[in-house]
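Chemist: Generate coordinates for the entire structure from the input sequences, incorporating the hints supplied.
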Amino acid sequence: MNIPTGYKYTDTDEWVRVEGSLATIGVSDFAQDQLSDVVFVEIAVSVNDTVKKGALLGTIESVKAASDINLPISGKVVEINEALSDSPELVNSDPYGKAWMIKIEMSAPDELNNLMDDKAYTTFCAGREH
Amino acid sequence: MTEPTLFELSAAGRKGVNYPDSDVPLTNLPANLLRKDLPMPELSELDVVRHFTHLSRLNYSIDGGFYPLGSCTMKYNPKINEVTSRLSGFANTHPLQPIETVQGNLALMYQLQDLLKEISGFPGITLQPAAGAHGEFVGVLIMRAYHASRNDAKRVKILIPDSAHGTNPATSSMVGMEVAPIPSDARGNVDLVALKAACDDTLAGLMLTNPNTLGLFDENVLEVVRIVHEAGGLVYGDGANLNALLGIVRPGDLGIDVMHFNLHKTFSTPHGGGGPGSGPVGVAAHLVDFLPAPIIEIIEPGSEEMAPLYGFKTPSKTIGRIKSFQGHFGMLVRAYTYILMHGPDGLRKVSEYAVLNANYLLSKIRSTYHLPYDRVCMHEFVVEGFWPDVHDVHALDVAKRLMDYNFHPPTNYFPLIVKEALMIEPTETESKQTLDEFADVMVKIAREAREDPQLLKEAPHNTPVGRLDEVKAARDLVLCCWVPEGE
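In the order they appear, the protein sequences are chains D and X.
Residues in the first sequence are numbered from 0 upward in steps of one, following numbering that gives the first Met the number 0.
Residues in the second sequence are numbered from 0 upward in steps of one, following numbering that gives the first Met the number 0.
None of these hints come from the bench; they were simulated from the model.
There's no promise every hint is true.
Cut-off 30 Å, straight-line C-alpha distance, at most; resulting in silico cross-link-like pairs (BS3-like, lysine-lysine) [to be verified]:
#1 Lys51(D) <-> Lys75(D)
#2 Lys156(X) <-> Lys51(D)
#3 Lys471(X) <-> Lys418(X)
#4 Lys118(D) <-> Lys51(D)
#5 Lys431(X) <-> Lys418(X)
#6 Lys97(D) <-> Lys78(X)
#7 Lys97(D) <-> Lys118(D)
#8 Lys348(X) <-> Lys78(X)
#9 Lys97(D) <-> Lys75(D)
#10 Lys195(X) <-> Lys97(D)
#11 Lys418(X) <-> Lys52(D)
#12 Lys52(D) <-> Lys195(X)
#13 Lys471(X) <-> Lys456(X)
#14 Lys312(X) <-> Lys116(X)
#15 Lys418(X) <-> Lys118(D)
#16 Lys116(X) <-> Lys322(X)
#17 Lys51(D) <-> Lys97(D)
#18 Lys348(X) <-> Lys312(X)
#19 Lys443(X) <-> Lys431(X)
#20 Lys456(X) <-> Lys52(D)
#21 Lys348(X) <-> Lys116(X)
#22 Lys418(X) <-> Lys363(X)
#23 Lys153(X) <-> Lys195(X)
#24 Lys322(X) <-> Lys156(X)
#25 Lys118(D) <-> Lys75(D)
#26 Lys456(X) <-> Lys443(X)
#27 Lys431(X) <-> Lys78(X)
#28 Lys153(X) <-> Lys316(X)
#29 Lys156(X) <-> Lys52(D)
#30 Lys195(X) <-> Lys51(D)
#31 Lys363(X) <-> Lys102(D)
#32 Lys456(X) <-> Lys418(X)
#33 Lys156(X) <-> Lys75(D)
#34 Lys51(D) <-> Lys153(X)
#35 Lys418(X) <-> Lys156(X)
#36 Lys418(X) <-> Lys443(X)
#37 Lys153(X) <-> Lys75(D)
Modeler: Given below as structure tokens:
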């Protein structure tokens with residue numbers, strides 16, 4: 000399981016990478032492994048939207064299931080990864096890189112404190128394995 | 000497998016039908032509507048019959064073999080249903096006929112409403128919805144209309160346990176509600192602590208699948224209903240699993256406010272390609288006025304000499320019409336036949352044997368396949384389709400391997416709360432011999448997984464086509480094979 004350091008994680012398997020006030024968001028390697036082959040990614044927010052932590056970011060559909068992606072942090076959407084609509088398989092091949100989903104200008108960076116670091120998330124994932 | 004299409008079988012000039020000479024003057028079609036590039040296949044009647052007969056033999060059906068597709072209740076559909084629904088008085092009538100000329104049809108619908116009331120404990124029934132999910136949609140529309148009628152429009156939140164049918168959150172979204180998931184507790188019941196925490200004055204209701212998708216009856220159902228009602232919400236009962244409860248529990252008596260029936264599950268009308276479905280909805284007394292219009296009522300009472308006159312009635316606060324005409328009438332005839340053929344005691348036996356068959360099958364395979372929620376099951380159960388000591392063999396591989404033994408695979412990867420789920424519903428119509436054969440094959444496949452995993456990974460081997468590329472099928476959608484030139 001790939002859980003890189005320097006990222007923050009949610010208990011619903013989204014990750015956040017912070018550069019200054021900009022937060023990049025995607026789903027974790029654990030999430031893509033559980034979903035198996037991803038066939039469709041739909042982003043439910045638009046550029047310039049003001050979004051709140053916990054709201055719906057989008058939906059991810061695999062051959063097994065459709066799952067909601069939740070916003071791990073509040074702010075204003077500045078960029079959306081258009082490549083995912085044509086190449087949803089990027090979520091499987093490069094969940095922390097090319098499969099980033101949206102970038103947000105954070106309005107409440109304190110919210111990051113409620114997210115897990117890589118160590119806590121590793122323990123959290125291990126607890127869900129059989 | 001390469002199966003030629005009708006277009007590939009076509010031979011220029013071959014005909015299936017010869018028209019007689021026209022005995023009316025010919026009318027020329029407008030020239031601008033004629034085209035030369037319409038490649039219609041040319042075949043004889045025998046060509047067509049052989050083609051489709053051959054294709055039909057490649058199909059798998061309940062008439063051909065065991066079909067333990069969990070949550071779908073693939074019970075045998077008695078052939079007498081096809082006899083009654085084809086009776087001339089039913090089959091050769093039209094919904095626009097004057098009601099005086101279709102009293103038999105209306106009487107059947109009225110009596111079916113009454114039978115479903117008796118079975119479910121709900122005082123109001125609509126027969127209109129076209130299928131289960133349509134029934135859910137109608138039910139949640141009724142819930143929304145109820146809150147709106149009380150000037151309580153802030154109630155927009157629907158709670159969905161994570162053991163519910165997947166259609167429940169979809170239905171709520173379609174009605175414009177907000178969906179909030181509720182986890183299950185360690186025994187597979189609705190987590191009461193989480194439920195209480197989610198109840199506030201925005202609560203429209205809860206959609207409860209009971210027995211749930213784990214095949215477990217919620218042991219706290221009365222408490223769940225009480226908590227939701229106390230918060231001002233309504234409880235929707237997903238009746239898709241009613242096959243476990245006939246004559247034993249009436250959802251209306253549990254305090255549930257609205258529920259759909261799947262006639263194509265519980266009451267033996269055909270599924271899927273043999274359908275269409277039918278999803279009547281039952282409601283508690285406080286929701287009767289919101290039912291879709293029209294419902295079937297006696298509009299002139301009868302006497303000793305005269306039968307009553309059946310007709311249509313519009314409930315006072317109706318959500319409106321939700322289906323053309325009166326729903327899928329042919330399905331209503333089949334379900335009515337099934338209910339009368341069984342009678343009250345027979346229907347109770349249906350559920351008792353459905354539960355008994357599921358528990359018998361579970362007992363035969365539970366030492367081979369892990370059962371995460373270890374309880375006596377209802378009409379179906381969910382096991383894990385993998386083994387920690389067997390590398391890279393998944394539920395999908397077990398399912399595909401079952402096809403080599405001429406069994407339809409169980410539902411897999413649902414519910415999501417069980418890892419590598421295999422959801423197995425044998426139904427009451429299967430014999431002990433069939434259950435034994437299936438259990439033996441399940442145990443055999445577990446042995447194959449250890450001894451020769453490739454056998455599973457590459458399955459199925461004995462079917463018309465091998466392992467299909469499900470990812471490609473979902474990603475590369477090709478919905479049209481031929482487009483006229485220039486368009």
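Chemist: Give a verdict on every hint.
Modeler: Taking the hints in turn, this is what the structure says about them:
no.	hint	in the structure
1	Lys51(D) <-> Lys75(D)	holds, 9 Å
2	Lys156(X) <-> Lys51(D)	holds, 18 Å
3	Lys471(X) <-> Lys418(X)	holds, 24 Å
4	Lys118(D) <-> Lys51(D)	holds, 26 Å
5	Lys431(X) <-> Lys418(X)	holds, 29 Å
6	Lys97(D) <-> Lys78(X)	violated, 56 Å
7	Lys97(D) <-> Lys118(D)	holds, 23 Å
8	Lys348(X) <-> Lys78(X)	holds, 20 Å
9	Lys97(D) <-> Lys75(D)	holds, 21 Å
10	Lys195(X) <-> Lys97(D)	violated, 41 Å
11	Lys418(X) <-> Lys52(D)	holds, 28 Å
12	Lys52(D) <-> Lys195(X)	holds, 23 Å
13	Lys471(X) <-> Lys456(X)	holds, 18 Å
14	Lys312(X) <-> Lys116(X)	holds, 17 Å
15	Lys418(X) <-> Lys118(D)	holds, 24 Å
16	Lys116(X) <-> Lys322(X)	holds, 21 Å
17	Lys51(D) <-> Lys97(D)	holds, 24 Å
18	Lys348(X) <-> Lys312(X)	violated, 35 Å
19	Lys443(X) <-> Lys431(X)	holds, 18 Å
20	Lys456(X) <-> Lys52(D)	violated, 42 Å
21	Lys348(X) <-> Lys116(X)	holds, 19 Å
22	Lys418(X) <-> Lys363(X)	holds, 21 Å
23	Lys153(X) <-> Lys195(X)	holds, 19 Å
24	Lys322(X) <-> Lys156(X)	holds, 26 Å
25	Lys118(D) <-> Lys75(D)	holds, 28 Å
26	Lys456(X) <-> Lys443(X)	holds, 15 Å
27	Lys431(X) <-> Lys78(X)	holds, 22 Å
28	Lys153(X) <-> Lys316(X)	holds, 20 Å
29	Lys156(X) <-> Lys52(D)	holds, 18 Å
30	Lys195(X) <-> Lys51(D)	holds, 24 Å
31	Lys363(X) <-> Lys102(D)	violated, 52 Å
32	Lys456(X) <-> Lys418(X)	holds, 18 Å
33	Lys156(X) <-> Lys75(D)	holds, 26 Å
34	Lys51(D) <-> Lys153(X)	holds, 20 Å
35	Lys418(X) <-> Lys156(X)	holds, 28 Å
36	Lys418(X) <-> Lys443(X)	holds, 21 Å
37	Lys153(X) <-> Lys75(D)	holds, 27 Å
This entry does not satisfy hints 6, 10, 18, 20, 31, going by the numbered hints stated previously.
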